[in-house]
Structures are given as structure tokens and as C-alpha cells.
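Student: Residue-level listing of the chains:
There are 2 protein chains.
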Amino acid sequence: MGRTSEAREKILAAAQSLIELRGYSALGVAEICKAAGVPKGSFYYFFESKETLALAVIDEQWAAQERDWARVLRGDAEPLLRLRQLFEETEHAQRSGQRSCGTVSGCMFGNLTLELSNQTEPIRIRLQQVFDAQVDMVESVVGEARERGDITATDDREAARSVVAQLEGQVLFAKLYNNTRRLDALWANCLALLGARAPQDVPVGA
Amino acid sequence: MGRTSEAREKILAAAQSLIELRGYSALGVAEICKAAGVPKGSFYYFFESKETLALAVIDEQWAAQERDWARVLRGDAEPLLRLRQLFEETEHAQRSGQRSCGTVSGCMFGNLTLELSNQTEPIRIRLQQVFDAQVDMVESVVGEARERGDITATDDREAARSVVAQLEGQVLFAKLYNNTRRLDALWANCLALLGARAPQDVPVGA
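Residue numbers (my numbering), protein chains in the order written: chain A, -14 to 191; chain B, -14 to 191.
For chains that are exact copies, the list does not tell them apart, and a pair is met inside one copy or across any two.
Derived pair list, reagent style DSBU-like, types lysine-lysine, alpha-carbon separation capped at 35 Å: (1) K25 with K35; (2) K19 with K35; (3) K19 with K(-5); (4) K35 with K(-5); (5) K25 with K(-5).
Just so you know, these hints were derived from the structure itself, not from any lab.
The structure displayed is predicted, hence computed values, not measured ones.
Whenever a hint applies, use it, and build me the whole structure from the sequences.
Tutor: Okay, structure coming up:
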């Protein structure tokens, strides 16, 4: 296989799955190329360095996740129920990952943040952009909920940051304990952080 | 310097500071020995492997942090104020780290969890023990607050887990944005998660 866009896709897919399993620092370009089934020359044709590749992996992963988040968070359901659906889909995705890899792999952006953000400035900036975009999307739903009088939190941005921080914290525990049940608390905690009605007041499946 | 306990301490101190700066996978034994100023033979006299060293670093770090947490959380102040003091000391420690290293280094246990927990079972188990112990300590304070009628949360364990998850999530953002102000939200969020009185009802500095 030569310098086709197919080779680029194979490198990206191999890198994404290896980074998910073992992080970034532990990987070498040779290993990524072997897993992708492409010669090393192809790698450097498409990517200047391992760091350039990591940025492309982050972009690709976020493009996919952003579509999922937008489908849920810009949907027609009541604002708080969209947040609940986001947590349910997160748990579902972590469970699927666990079934296929044997372990909960967590959030790639969180993983790379704690592994790398202090080591490479371009990766730090890209990860900041990803989390800024996540907070933007949650903030917009929080604003809608506030306008409807569903919540008592008054600072949409701060509230959205806290919801995303709680999500990252619980995903960290789901990974550590290899147990997706850690994510069950997300919905009730989100309501608490937003000063919303108790969960039992929101009809299930509404 | 030979196979003295001083050499072991130097290796541990060098490893701790290198892991804090660059994570675990990116480090080699040779680099750790060089930073510690000890010959490689000394390393293998004290530590069977880099993994054994990482376990010792975790133990040492947790022994120190557990003393700090115990001083605050088993103190005489009202239960909720002890939690506030814990967050204030966390922010203070992260600010000191930022002044000395130039960047917020975050929580070593959280960093190693996201970098490593899926790769080495002994490290996963040790990190689980550390976080279990953190949750135990917070749970005990939450129980006291519940008995006093200060909070409405009824499941002490689950509430304590959520408080620690929020802490880890906000520390992740403090590291990513290299900004300890991200930790300012911890106290208000803790009160929200516990169903406690609003912050303004608790006298500042009480």
C-alpha cells in the first residue's frame, strides 16, 4: 500500500486504537506503522511527526464525538433530558468499549490531557479547544434550561464547566475500577450541580 | 553514593518529580538514575523494575497526602468547613507547584490512572486503594454532616465519590488550562452535590 489516502486512514485508525489502549508516550512510529500495515515512509509522507499524528487523531475523534453530542444536545427533547441522554450515551459507549477491549478505556481527551498537556503546547491547545467546545455545547443547553426556569444555577458557563468536570471525574473512576456503573451517578449529580428538580420529577423516557 | 537508604530516597524523589513532569511511560530507568545521581546498579538493588518504583512513588506520595487530608478532615471544624479547607489546600498546593514548575501538574494519582491503569494491574490496584482511601475519608465527613442535618444527600458513599470525582475533574481542567482558578468552583459544587446550605450561609473563615 502506497501513499494513498487509504494509508493515511489506516495510520489514523491504528494510532487511535493504540493511544486508547496504551497512551501516547509508550508508542513508537514503527509500532503504529506495523499495526496499520504501512511502510514507515508512508507515515512521514502524511505526518511530520508523532505529535502531528496525535493532533490528527484528536481532530478525527472530536469530529465524530461532536456529531454525537450535537445530535443529542441540539435535539428536540427538554434541555435537561438532553443532558441525561448524553450521559446515557456516554455510558453506552464506554460499555461497548469495555466489551470489545476488556477494559473501560475512558475519554481519550481526558487521558491525553493528564498524560501530555504539560509536555506539548500544540496538544494542550488542541485539547483546550475540544473541552471549550464541549463546555459551549453544554452551556447552550444549560441556558435553555435556565430560561425555562428548570434550574436555579445562574452562571451558565460555570455550571456547564462543572457538569463536564463531573463527567471527566466519573469517567476517570469508571476507567480505574473498570466499571461503567460509576457513570450511573452522572444524571443525579448534574441535576444537583444545576440546582434542578430531583430526578424523580422528570418522567423517565420523556 | 552506594546502596544506602539515602540512594533509595534520591531515586524516589527524582522519580516523583520526573513522573509529575512527564508521566511514567516517557521515562527510562537510566534517566531516573541520572537525575538521582546514582548508578544503575543501585536502582536494581532497591527496585526490581520501573513498575516497582512507580508503586513506591505512589505509596510515598499517598503517605504524605493522607497525612494532610487527615489533618484537615479529622479536624475540629464543622464537617462542611473541613471539606472547604481541603479544597483550599488543594488549590494552594497546585498554585505552589505551578510557581515552582511553571505549570499546574495536577493530581499524580489521577494522572497515573488515566495514563496507566489499563496497562499494569498492580498499579491499577494500588491507585484503586488510594482513591478508596480518599473516598473513605470524605465519606466519614459527609456522614457527620448528614447526622447534623447540614446536608440532604442520603447515600454517604455515593456522595463522597461524587465529591472526589468533581475534585479530579476540576484538577484535570486546572492542569489543562494551567489555571488554578478552575478549582474555585469546588466548594460551591461540593455543597450542591451534598444538598447543603448555600455557601453564603456558612460564615467565611469560620
